[in-house]
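J.: Protein chains in written order, with our numbering: chain A, 9 to 263; chain B, 23 to 357.
None of these hints come from the bench; they were simulated from the model.
For clarity, every value in this text was computed on a predicted model and none was experimentally measured.
Glycine included, each C-beta is placed from N, C-alpha and C at the ideal position.
A couple of the hints might just be wrong.
As the list claims (entries may be wrong) - In silico EDC-like links for lysine to aspartate or glutamate, alpha-carbon gap of 20 angstroms or less:
1) Lys-247(B) - Asp-213(B)
2) Lys-119(B) - Asp-203(B)
3) Lys-196(A) - Glu-182(A)
4) Lys-196(A) - Asp-242(B)
5) Lys-288(B) - Glu-182(A)
6) Lys-196(A) - Asp-213(B)
7) Lys-288(B) - Glu-163(A)
8) Lys-115(A) - Asp-231(B)
9) Lys-196(A) - Glu-61(B)
10) Lys-60(A) - Asp-137(A)
11) Lys-139(A) - Glu-182(A)
12) Lys-247(B) - Asp-203(B)
13) Lys-196(A) - Glu-349(B)
14) Lys-60(A) - Asp-301(B)
15) Lys-139(A) - Glu-286(B)
16) Lys-60(A) - Glu-145(A)
Said to hold, decoys possible - Each pair of labels, with its calculated beta carbon distance range:
17) Cys-253(A) - Ser-180(B): 29 to 35 angstroms
18) Ser-39(A) - Pro-342(B): 56 to 62 angstroms
19) Asp-114(A) - Pro-249(B): 41 to 47 angstroms
20) Pro-198(A) - Ala-253(B): 48 to 54 angstroms
21) Ile-145(B) - Pro-247(A): 31 to 37 angstroms
22) Gly-132(A) - His-296(B): 37 to 43 angstroms
23) Pro-247(A) - Val-122(B): 37 to 43 angstroms
24) Asn-205(B) - Ala-255(A): 58 to 64 angstroms
25) Pro-56(B) - Ile-235(A): 54 to 60 angstroms
26) Pro-198(A) - Ala-87(B): 47 to 53 angstroms
27) Ala-164(B) - Cys-253(A): 44 to 50 angstroms
28) Gly-132(A) - Lys-350(B): 29 to 35 angstroms
Unchecked claim - Here chain B is said to cover these stretches of chain A; the calculated rule only asks that three of the stretch's residues, wherever they fall, bring their Cβ under 8 angstroms from a Cβ of chain B:
29) 37-43
30) 75-85
31) 163-174
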Amino acid sequence: MLFGGLSIVAIAQAQPSSGIVRPTTEPATPSVQLGSQLFAANCSSCHGIDGKGISAPRAGAGDIMGMGPPLRGVGALAPDFYLRTGFMPLSSIHDEPGNDRVLFSDKEIKSLVAFVASLGPGPGIPQPDPKAGSLSEGMQLFTLHCAGCHQEDGEGGFVTGARVPPLQGLTATEIAEAVRIGPYLMPKFPASQISNAQLNSIIKFVQSLKNHDDNRGGWRIGNIGPIPEGLVTWWIAVPLLIIACLAVGRRFRRQ
Amino acid sequence: MKIWKWIVTLLTLLFGRLMRRGGSVEDAEERIVPAGTPERRAENLVLVLLMLAVLAGIAFIVVYAIYPHADQPNELLGLCLGLCLALIGGALTVVAKRLVVTEELEDDYPDVHPQAQREIAEIVHESGSRITRKKLLIGAGAAAGGTLGLAALTPALSLGPLWDTAPLDMTPWRPGVALVDENGNKMPASDVVGGTFYSAFAEGVDPEDIASELVVIRLDPDKLKLPNGRADWAPDGILAYSKICTHAGCAIGLYRNPLFPDLEPKPALVCPCHYSTFDPYTGASVIYGPAGRPLPQLPLMIDGAGYLRANGNFSARVGPAWWNVREKPTYGTNE
């Protein structure tokens, strides 16, 4: 979080061509107008000035090669998720979105969400209530729908072609939004598949997950499954074994 | 006190006998390798190490036997097996460094000279002359190696009945069998939407049955490129594949569904165990990973009430590979 805060300060001062461009004087409260200005300056290179999307790479503002999906009809749901988690904006269209930095202030996010929602009718921001959920049902549903990629402990992992993000520290709203949107390569889960009540349970379970301290093997190796464990096997354990073999096999010459 | 005397007497008898047998008569011939002085302490050390290895191997089998199948303590099992292996390694190291008489040869191995070959054989024979309890040591080594092998083979019991692949040929699917969700409710085709994936089972069948579970998805019917003869297998673009990975039999638990397909990796069914990746558009052909054959596809139909039903049986045999797995399936149905 500290790093995210620092990077926002740094960008606000430096204003590089790839950073966030802001109006010189921002209004005190969120507004669709501020949203449209921010959108034109920071989002339109990829999503089009009218939010219709760009289907082939094209140089936009700041000579950024832009390409992106249309945003008409995504409502407030998608922009709220992508901006609050820091998935957007991307520094390159080929990057995988990740929740590592939030570049807009809360006021700016509200303005952008209002502007994108005004482009066409679409789903609103979900209002989950994890307190109403059941932890045991949440664990069952999480195992069924989510654990394949995010793992039973929510540490995330890999799917071919992408890193699956960890789930610790997400807000209830962010989890609910991700389930309904299916960001990047994640499947989306409509209400016919996971009801709002079930979603409350899943969120309750996800928010109960903590980083595990009881790594019985002594080293967590990222806790994200076979790839780092394989790396440790091939690059650390195997060389150690070879060294041990060489040491055992060496003959002591006695003169 | 009496028992103690008995034990001492017994041990003296036993070891005295072994000593006499082990203490071989010195060869009258001239030796090539200088005779080493016997090292009783090193031999004892080797014996102790080998016995401990046997104990560690037995401990592995005991641990495997007493814990329930689903709750095996991996660390303990690994520790036992690792100790067994390390102790045998330690014993061999002691044998090599302290018990075998060593003599280095300058020349290459003589492959034509019979006299030189005999000398080599003699050297090899004489290298063991320092060992006084050969049979005991060999017996202990065999016991340790045997226990290690037995311990390593024990987990094979978890693989299930031996040689019996007939159940893998059975599937509950035949034309008309309904697809149900994990709660046993029939699945309306209209509830299956694109962008996500569903698990389905054969109606009225144990969901643990390896051939029962399916992964069901909906794709754009115009973009499907299914193999020949499967034109009507995916009504309205709804596809059903076996959920059991053809590599090692894990459940296909990952569905890669790009939000913006123009830029992102295309849709794929992925196995979380070893990342075998299957292309659902082309009949689940393998596009990445260790799987050797596509996921078996189940032909579907939509009945008059709009529910999904099987319209035949799988395109291939279900499950991980075994011998003759590519043969045409000869299904019976396990009702």
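J.: Next, verify each hint and record whether it holds.
T.: Here's how the hints hold up against the structure:
{"no.": "1", "hint": "Lys-247(B) - Asp-213(B)", "result": "violated (24 angstroms)"}
{"no.": "2", "hint": "Lys-119(B) - Asp-203(B)", "result": "violated (65 angstroms)"}
{"no.": "3", "hint": "Lys-196(A) - Glu-182(A)", "result": "holds (14 angstroms)"}
{"no.": "4", "hint": "Lys-196(A) - Asp-242(B)", "result": "holds (16 angstroms)"}
{"no.": "5", "hint": "Lys-288(B) - Glu-182(A)", "result": "violated (25 angstroms)"}
{"no.": "6", "hint": "Lys-196(A) - Asp-213(B)", "result": "holds (14 angstroms)"}
{"no.": "7", "hint": "Lys-288(B) - Glu-163(A)", "result": "violated (24 angstroms)"}
{"no.": "8", "hint": "Lys-115(A) - Asp-231(B)", "result": "violated (54 angstroms)"}
{"no.": "9", "hint": "Lys-196(A) - Glu-61(B)", "result": "violated (73 angstroms)"}
{"no.": "10", "hint": "Lys-60(A) - Asp-137(A)", "result": "violated (33 angstroms)"}
{"no.": "11", "hint": "Lys-139(A) - Glu-182(A)", "result": "holds (16 angstroms)"}
{"no.": "12", "hint": "Lys-247(B) - Asp-203(B)", "result": "violated (27 angstroms)"}
{"no.": "13", "hint": "Lys-196(A) - Glu-349(B)", "result": "violated (37 angstroms)"}
{"no.": "14", "hint": "Lys-60(A) - Asp-301(B)", "result": "violated (29 angstroms)"}
{"no.": "15", "hint": "Lys-139(A) - Glu-286(B)", "result": "violated (36 angstroms)"}
{"no.": "16", "hint": "Lys-60(A) - Glu-145(A)", "result": "violated (40 angstroms)"}
{"no.": "17", "hint": "Cys-253(A) - Ser-180(B): 29 to 35 angstroms", "result": "holds (30 angstroms)"}
{"no.": "18", "hint": "Ser-39(A) - Pro-342(B): 56 to 62 angstroms", "result": "holds (59 angstroms)"}
{"no.": "19", "hint": "Asp-114(A) - Pro-249(B): 41 to 47 angstroms", "result": "violated (53 angstroms)"}
{"no.": "20", "hint": "Pro-198(A) - Ala-253(B): 48 to 54 angstroms", "result": "violated (29 angstroms)"}
{"no.": "21", "hint": "Ile-145(B) - Pro-247(A): 31 to 37 angstroms", "result": "holds (35 angstroms)"}
{"no.": "22", "hint": "Gly-132(A) - His-296(B): 37 to 43 angstroms", "result": "holds (41 angstroms)"}
{"no.": "23", "hint": "Pro-247(A) - Val-122(B): 37 to 43 angstroms", "result": "violated (28 angstroms)"}
{"no.": "24", "hint": "Asn-205(B) - Ala-255(A): 58 to 64 angstroms", "result": "holds (59 angstroms)"}
{"no.": "25", "hint": "Pro-56(B) - Ile-235(A): 54 to 60 angstroms", "result": "holds (55 angstroms)"}
{"no.": "26", "hint": "Pro-198(A) - Ala-87(B): 47 to 53 angstroms", "result": "holds (48 angstroms)"}
{"no.": "27", "hint": "Ala-164(B) - Cys-253(A): 44 to 50 angstroms", "result": "violated (23 angstroms)"}
{"no.": "28", "hint": "Gly-132(A) - Lys-350(B): 29 to 35 angstroms", "result": "violated (53 angstroms)"}
{"no.": "29", "hint": "37-43", "result": "violated (count 0)"}
{"no.": "30", "hint": "75-85", "result": "holds (count 3)"}
{"no.": "31", "hint": "163-174", "result": "holds (count 6)"}
Checked against the numbered hints listed earlier, the structure breaks hints 1, 2, 5, 7, 8, 9, 10, 12, 13, 14, 15, 16, 19, 20, 23, 27, 28 and 29; every other hint is satisfied.
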